[in-house]
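Chains as they are written, first to last, in this note's numbering: chain A, 1 to 255; chain B, 1 to 481.
Straight-line distance between alpha carbons at most 30 Å, and here's what the computed DSSO-like set of lysine-lysine pairs gives:
hint, chain 1, residue 1, chain 2, residue 2
1, A, K191, B, K415
2, A, K191, B, K384
3, A, K191, B, K408
These are calculated hints, taken from the structure and not from any lab test.
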Amino acid sequence: MCSGVEWIVRVALQVTCINDALFPDTGKAVVTLLRRLGVDVEFPAGQTCCGQPMVNTGYLDEAVPALRSYVDAFRGYDAIVTPSGSCAGSARHQHQIVARRSGDPELVAAVEETAPRVFELTEFLVDQLGVTDVGASFPHTVTYHPTCHSLRMLGVGDRPRLLLEQVKGLRLVELPAATECCGFGGTFALKNADTSIAMGADKARHVRETGAEVVVAGDNSCLMHIGGLLSRQRSGVRTMHLAEILAATESAVVA
Amino acid sequence: MGATFVGMPVFPVAARAALADTQLRHNLAHATGTIRGKRARVVGEVTDWEDLRTAGAAIKDVALADLEQHLVQLEARLTEQGAVVHWARDGDEANRIVADIAKAHQVDEVVKVKSMATQEIGLNEALAEEGIAAWETDLAELIVQLGDDLPSHILVPAIHRNRAEIRRIFLDRMSSAGRPAPATLTDDPPELAAAARLHLREKFLRAKMAVSGANFAVAETGTLVVVESEGNGRMCLTLPEVLVSVVGIEKVVPTWADLDVFLRLLPRSSTGERMNPYTSTWAGVTPGDGPQEVHVVLLDNGRTRALADDLGRQALRCIRCSACLNVCPVYERVGGHAYGSVYPGPIGAILNPLLHGVGENAQTDSLPYASSLCGACYEVCPVKIDIPSILVDLRAQVVDAHRGQRPKVEAVAMKGASATFGSAKRLGFAERFARLGTSMARRIPVASAWTGARDLPSGPTESFRAWWRRTDGGRNGGRGE
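Here chain A stands alone, though its shape is the one from the complex (with noise of 0.2 Å):
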């Protein structure tokens, strides 16, 4: 391992509901890097989600049958690490809200042990693992959405710029008004369609101006919403998890 952290002896790998279901190659990617950073992270197959679009459509009572998988699977482990700013932001600050509304001290117990121990992948590589160049080359002109959660929830702040720049061959252009929600928004993007397609269109328009091939984040969902817009307009950008960024190396170059 090339940290000196050495409490952290079990990784888990918290690959989230959307990119287990429909962005697996995300998580494969986290797989990549990690092992390629000497960490040998696991996959609890107990997994499920960690319940936010439950919680954040008011359905906390809902949650709780997530909630309990989430601590079962991760229970024991040293640091839970998860490709999303939005997942590791909801069991940090929204676990606990859950668990104390279901009136089950384990539960709370539990979700004591398992937040503080999660870590969105940004966080995990430069704060846990110290390192920032992660040997990883990807020859194209890329620009950066910080996703509101891992900005503003967790204040991940310029670690995914750190981690960008030193990927070789890649340069980073400035998106603008960059820090302003793209719109997603969970099931805000279905309530309120046309207010999240408004703002989407408007992230969607920054990005085109940059004249990057690719949009990266740290939260497909995010993703999903701005690279849904963009496919439709046939723009000829596609979007990108920062975790494959990361992974892809002169040997082994991701699509």
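Fit chain B to the given chain A structure using the hints.
Below, chain B alone, put in the same frame as chain A:
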């Protein structure tokens, strides 16, 4: 006159109409972008801004934790200094009190300082029913009133209007309310301001009674404070003989020294100014100077209900700066009217349900969902109201209020998701149909909300968990080795 928010549709419906108004979109993007930039500049100058925010939140929390004691102290200080204090449980009681004072003085008109509390209770409409005209004197409120329009912003109620529209309103409507606008009026802002000044001046000089709100009420000294930019408020507070101030009970702060914090936080957060231009303070009656009859109406109107909400009570810290509106990506695109309340934007999305309660009105229940939970509001709030967390909590309250009723499609979907996510086995089974799901999604109505403007990803041939199982986490073929 008489436009009200009564009967407004639920947020998504109102938003859809607003989004189609290209002039509105243009006006709002320009105005909110300008104020956002100004705010960011002047806040960036203050090295202890985060400490100021923490102090602002703490002072309000202290005031609210012992609200009764602070209000009783405020009443005592006000009364000692010659003010008459009234208590109003709701808007109807407050409106009745103000109307009775007006009638006791036989006035048929009052001039008004810009006030959110009086808009909240519909005072102008209530006075109109009694034959009393209430003239708004804040420039933006005047534009809204003359245009028979509704306010769309807390600080800049006519933010949805541009100068060409304002010129039209002045030319068409000023004559029916008093001194007409000059026929040569252009849309040059100084000319528009001059027309408003002449129009309002005759009202200031004539009015016997003024109605105001207050930004702060200092318990220790019995001082009311009005913070404004134009000086029109100062005219109303000093010229008439009778002054009635309608003050929400959450406006109380314990000490005079507390104003130090808020008078630094408020101007930078609201108008993007370093210092507020006109800050008026008064405590009761000053013999021979200013209004000789001073009334203060302390208004509850749902505030004790909000105070009882463990998480939501922090919304009562709000100092009505509008910073959350100006940074909100939802507000910037739909404007204030879509929220169906004098309190629009992120603060309105929590304040209205907190003041009125949830589960009774579909419009109110739609407000906590009028957010992508991006968190920009929390970041700028000068009193650190955690709006995103309160929104989520209120969504849960809305859902809970409807439990036991006929379930909506959404509730059924959430129950299904709950069962699926309760077991990895069930989830794995569901995912085998994922590809089928994304192709079917294009044909079902709920999904058309997505696919109307956005393509769906094609969906992989194999889920991550299936890949992990098949390849032993990539060790036996497949990428990831």
